[in-house]
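Residue numbers (numbering that gives the first Met the number 0), protein chains in the order written: chain A, 0 to 254; chain B, 0 to 308.
Source of the hints: derived by calculation from the structure; they are not laboratory data. Careful, some of the hints might be misleading.
Claimed, not checked - With beta-carbon atoms standing in for the labels, derived distance ranges: (1) A/N97 / B/K53: 16 to 24 angstroms; (2) B/K14 / A/V246: 38 to 46 angstroms; (3) B/K283 / A/S164: 48 to 56 angstroms.
Quick caveat: nothing in here was measured; it's all calculated off a predicted structure. Glycine included, every Cβ here is placed at the ideal spot set by N, Cα and C.
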Amino acid sequence: MKTLISLIKIDFKLILREFVVVFFSLAFSVLMILMFGGIYGNEPSPFFGGFGSVDVLVPSYLGVILSVNGIMSLPLTLVEYRDKKILKRFMATPMKSNNIIISQLIVNFVLTIIGFLLLLIIGKFVFDLKFYGNIFIFILAFIISTLSIFSIGFLIASLVKNIRSANAIANIIYFPMIFLSGATFPIENFPKFMLNIAKALPLTYIVDLFKRIWLNSDLSWVKSNLSLKIDFIVLIVILIICFAISVFKFRWYYD
Amino acid sequence: MKVIEVNNLIKNYGKIKAVDGVSFDVNEGEIFGMVGPNGAGKTTTIECIEGLRKPDEGIINVLNLNPSTDREKFYEKVGVQLQETNYQDKIKVYEICELFASLYKKPLNYTDLLKRFGLYDFKNGFVMKLSGGQKQKLSIILALISNPEIIFLDEITTGLDPKARRDMWKIVKELKDEGKTIFLTTHYMEEAEFLCDRVAIIDKGKIVELDTPEKLIEKSGIEDMISFETKDINIEELKKVKGVNEVSFKNGEVTIYGRGEDLLKEVVDYLYLNRIYFKNLKTKKPNLEDTFLKFTGREYVEVKDENLN
């Protein structure tokens, strides 16, 4: 336990020194909400089915924060640790190796929550953000989404051998995903063609799920044909598949 | 007392026999070295003993523990420096020390270790900013934090400049003086000769010879060489000098091969007594590198270090 706590302490210091992760966890969403909120305000709008733009965008931005930690930070750290033989060096100590993974999960999870709280505070005090849904269902959805997106991160860490390819892959997945899934730009005005692309992205289901629960609405103004049930099923299937492959494919070091 | 026992260690990678039936013991308090060219099986052997690779066959016993099954006890008692470990890009020197100290039951005070190895002034700096020699010192500090009985050093001086290499040699000798047992691998023959109490020469996954460096040289049967320049000399008379086996005279240079502790004295006495003029006297004792050639029938090709050229 003492070991795990020191590991978490160091890993947390290290994650705060990663510019991209810190920017997209703590700053990006806040800036976006200030921008969109500043332009459109948080008054009920027919474009967002009668909800205020900030009320609709805050749950979406949680997806941005979650994915930078799950898809960028988590796999890149693990691949870096393996590439530099840090994982191997840790194997040559009395520490249980799972601690390294547990610590990474906790650190990325905590940073996600801090980013989200920051967003909530700004939303609440600047734009009078409102929550319409059931808090427990939202927490459940948040946990399942976190596990699902983190499992994608693990899959990347398990399949990619060196830090360069990991960087490329994480960037190729992350950036298109945050822009095409509705996490940053409202999916509301996506044409049919773009909606189909969005449906190939895991983050789309997370954003859709968060919005449905947050607004307690069927999102009838978004022509995406998704539902609470579909979102949950897709995320759980992703979680199971990615986790299963990772368990077999993950290596602490290569001989 | 034997602290490491290795019996018939075998490790294959596909069809390649990386380690092919290696057996040896390491005694308490000695510096035991494994030398050989790259790909000879040194790292595979040391990493099997360190519990980081699973042998295909063979028994490894370290301090009466099995490295692969008694992990927690084992790693409290041994310190490991891996070949080519780097650390996190943005970790500071004191942070990594603190982290490693937290992994052990009774860690040494890392501040003392940093002071001892001259890294105390860098403790708030990033590890990635350290020089190659300083990074290796840090690796040794991390290996020492648990106050281990045995230290494994895998190619500790590869890529270091000559000064850093000498520093490292001094550190290794000091660790031995403190009573630690040291198991090291190196592809520098002169390093093994200088540091090790006993040396195993490994080639193509097999131990070719194992003994003290002096004995290895003696066993190889390679003779001392003395050469000097002179104008005229009676070769037949010179051959009668005690210890001399072979003499050649070419282009004004005499080359003598022979054995015995007094060889040089006998030769110089002879030249002096017979008033033979000589200059540029040189002697060359055989070294481990010559022995490698003798034992394996191959020239010892050292890997060129980028940092040295």
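Hints and how they fare:
{"no.": "1", "hint": "A/N97 / B/K53: 16 to 24 angstroms", "result": "holds (19 angstroms)"}
{"no.": "2", "hint": "B/K14 / A/V246: 38 to 46 angstroms", "result": "violated (29 angstroms)"}
{"no.": "3", "hint": "B/K283 / A/S164: 48 to 56 angstroms", "result": "holds (51 angstroms)"}
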